[in-house]
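Got chain Z; can you put chain L on it based on the hints?
There are 2 protein chains.
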Amino acid sequence: MENGSEPATKPILQALAGTVLTPPPVWLMRQAGRYLPEYRRVRARVSGFLELCYTPELAVEVTLQPIRRFALDAAILFSDILVVPHALGMDVRFLEGEGPKLEPLRRPEDLAKLRPGELQERLRPVYETVAILARELPPEVALIGFSGAPWTLACYMLEGGGSKDWSTARRVALGEPDFFGRLIDLLTESVGEYLLSQIAHGAEVVQLFDSWAGVLPEAQVRRWVIEPARRIAERLREHAAAVPLIGFPRGIGPLYPAFVERVRPAGIGLDTTVPCGWAEAVLGPSAVTLQGNLDPVTLLVGGPPLAAAVAHIEETWRQRPRIFNLGHGILPQTPIKHVEALLSHLHSPGR
Amino acid sequence: MENGSEPATKPILQALAGTVLTPPPVWLMRQAGRYLPEYRRVRARVSGFLELCYTPELAVEVTLQPIRRFALDAAILFSDILVVPHALGMDVRFLEGEGPKLEPLRRPEDLAKLRPGELQERLRPVYETVAILARELPPEVALIGFSGAPWTLACYMLEGGGSKDWSTARRVALGEPDFFGRLIDLLTESVGEYLLSQIAHGAEVVQLFDSWAGVLPEAQVRRWVIEPARRIAERLREHAAAVPLIGFPRGIGPLYPAFVERVRPAGIGLDTTVPCGWAEAVLGPSAVTLQGNLDPVTLLVGGPPLAAAVAHIEETWRQRPRIFNLGHGILPQTPIKHVEALLSHLHSPGR
Chain Z
1 MENGSEPATK PILQALAGTV LTPPPVWLMR QAGRYLPEYR RVRARVSGFL
51 ELCYTPELAV EVTLQPIRRF ALDAAILFSD ILVVPHALGM DVRFLEGEGP
101 KLEPLRRPED LAKLRPGELQ ERLRPVYETV AILARELPPE VALIGFSGAP
151 WTLACYMLEG GGSKDWSTAR RVALGEPDFF GRLIDLLTES VGEYLLSQIA
201 HGAEVVQLFD SWAGVLPEAQ VRRWVIEPAR RIAERLREHA AAVPLIGFPR
251 GIGPLYPAFV ERVRPAGIGL DTTVPCGWAE AVLGPSAVTL QGNLDPVTLL
301 VGGPPLAAAV AHIEETWRQR PRIFNLGHGI LPQTPIKHVE ALLSHLHSPG
351 R
Chain L
1 MENGSEPATK PILQALAGTV LTPPPVWLMR QAGRYLPEYR RVRARVSGFL
51 ELCYTPELAV EVTLQPIRRF ALDAAILFSD ILVVPHALGM DVRFLEGEGP
101 KLEPLRRPED LAKLRPGELQ ERLRPVYETV AILARELPPE VALIGFSGAP
151 WTLACYMLEG GGSKDWSTAR RVALGEPDFF GRLIDLLTES VGEYLLSQIA
201 HGAEVVQLFD SWAGVLPEAQ VRRWVIEPAR RIAERLREHA AAVPLIGFPR
251 GIGPLYPAFV ERVRPAGIGL DTTVPCGWAE AVLGPSAVTL QGNLDPVTLL
301 VGGPPLAAAV AHIEETWRQR PRIFNLGHGI LPQTPIKHVE ALLSHLHSPG
351 R
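Going down the list, the protein sequences come from chains Z and L.
For the first sequence, my numbering begins at 1 and goes up steadily by one.
For the second sequence, my numbering begins at 1 and goes up steadily by one.
Note that these hints are calculated values from the structure, not bench results.
Warning: the hint list may mix true and false statements.
For identical chains, the list gives no copy identity; a pair is met inside one copy or between any two copies.
[Said to hold, decoys possible] In the EDC-like style, the derived pairs of lysine to aspartate or glutamate whose C-alpha atoms are separated by at most 20 Å in a straight line are:
1. K164 x E96
2. K101 x D80
3. K337 x E51
For reference, chain Z alone in the conformation it holds in the complex (with noise of 0.2 Å):
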């Protein structure tokens, strides 16, 4: 690392309290999975997606296979938001080529199914994971825990799995939103104590993952996915001050700088659709470092449509606090070559 000049913080760490790092540190999202040959035989080995996040030798596996190949700054712990639900007692599957199927909330009442007091003991595996990663990884790498947000995670819990427009969550949002807001308050505890969780097991940063922001609108966002990551933010703030955490409000668009002015993360993650510019130029007032944000699509075709993407967003970011990752998931097919020859753009730019 270019930056072992300062070995007693990690370059990821540093970003995120403020120091701007050229090249910047570097993680990307869904680094641990089925673009990998070595992920997919790990996959092959157990029967349910939900059983490789539940054993912790299996988890901590895939959490460094990315790092051995790779000049990665970060891991991420190896996991799905979907545990939450799981924990909080929900029938969850993954079906192959289908993705999560849940027995769906329907009403009040079924509320009274979901048992927060169970949550800790049936996330105990996941913090097992984290313990041994933090023992296990390299000096410089750190450990990014994670969890879905609030409003992504009643997402699925209200229609039973994934959806192309979320209808009913976003009814039942905005016409029960007595009901909506019990199980907002119910997976905003959750999630707050889940990371304190992986924080006290070992994570150095965690992000809160909340995929389906985007198709809110401004009200809403506002109350279900702002609000929520407030308090969480809050709770984190003061029971583990010392770790930074990464807000990823995906596709709010405008909303960006209205969430971290509330929110105050130490970094932003970008989604692919925010023009680099335009994050500089709004959040420029703000002290948070930003995170992303080149299209996977980008990493899939590689060659020079990948080098002038990377380019660019580096010469607009440059004198800013930074992290350089995708704007959302790798993509499954991408070749492994793209990722080498992104980060060597990355450290070596011009050649």
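Leaving out everything else, chain L in the frame of chain Z:
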């Protein structure tokens, strides 16, 4: 109409010319559609959805249905964005519950299968529908024509149907820019011709729907969304200067101002995710008329949330030339009485 004092000009045309009208003129995307029982009855009489689009008598009937029921200021031609690929010679089918299916273009040679020379002949029934509507509409109601925009049409033509993330189209756009550019050029030509012919047959306003503009990163939005729209707008200004264009680059968020600046449409359709106050602030310096942007889920839910959302939009844009609309199409389950309530809130605020 309360604007009957200016009988020579229809309210929507006044608003698009920059006049502030309170209450604003209103129409609703997908106002002719499955939420109306009279639509479902007509739909049941034809075997295929395209047959409905291509049978002038029936297309006229369903276009007029919402005008008979509601105090709307415009009728929008009943058709589908996929008539353009169909008229270019592609096989397009609408399968019940599955959405459209096309035989996708896979390689540059496939462009030779497209027949732009036959476009106008094959779209003749649509023009006939426009001509009948122009004669039959009540005098205060404007006739809106429309087309899908090149990027969105290319998405369907390359994917062969709907897609969650349009990754094939995005990959081709980035990785095969010659092939993709030729397709976009052909579509830009075709869409311009199509809109000009709708105008020649009596359309008084045209809207350009770029439904999937929101999946692209900035550079690609500028190249494949904004630039084709600019060329279409220029062509309309040259040959049909009196007819206003409404752009609807759905989901481009922070890039709406760039779209307005480059394309210079008379009106800009804002999707549900655009904060009204932000739009007012960033589009303030331009002369553009705002259109939107009630969330269709709010219309579905009705009640106090609907009243509050209508009041919020109206309050925020009260000093602005504007057209009230949804930010996306009406959902099929929408109760008709909610549409009536919306119009009542708009026409009698505070009651």
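Each hint tested on the structure:
no.	hint	in the structure
1	K164 x E96	both (18 Å within a copy, 17 Å between copies)
2	K101 x D80	within (13 Å within a copy, 33 Å between copies)
3	K337 x E51	neither (30 Å within a copy, 49 Å between copies)
Hint 3 from the list above is the single one not met by this structure.
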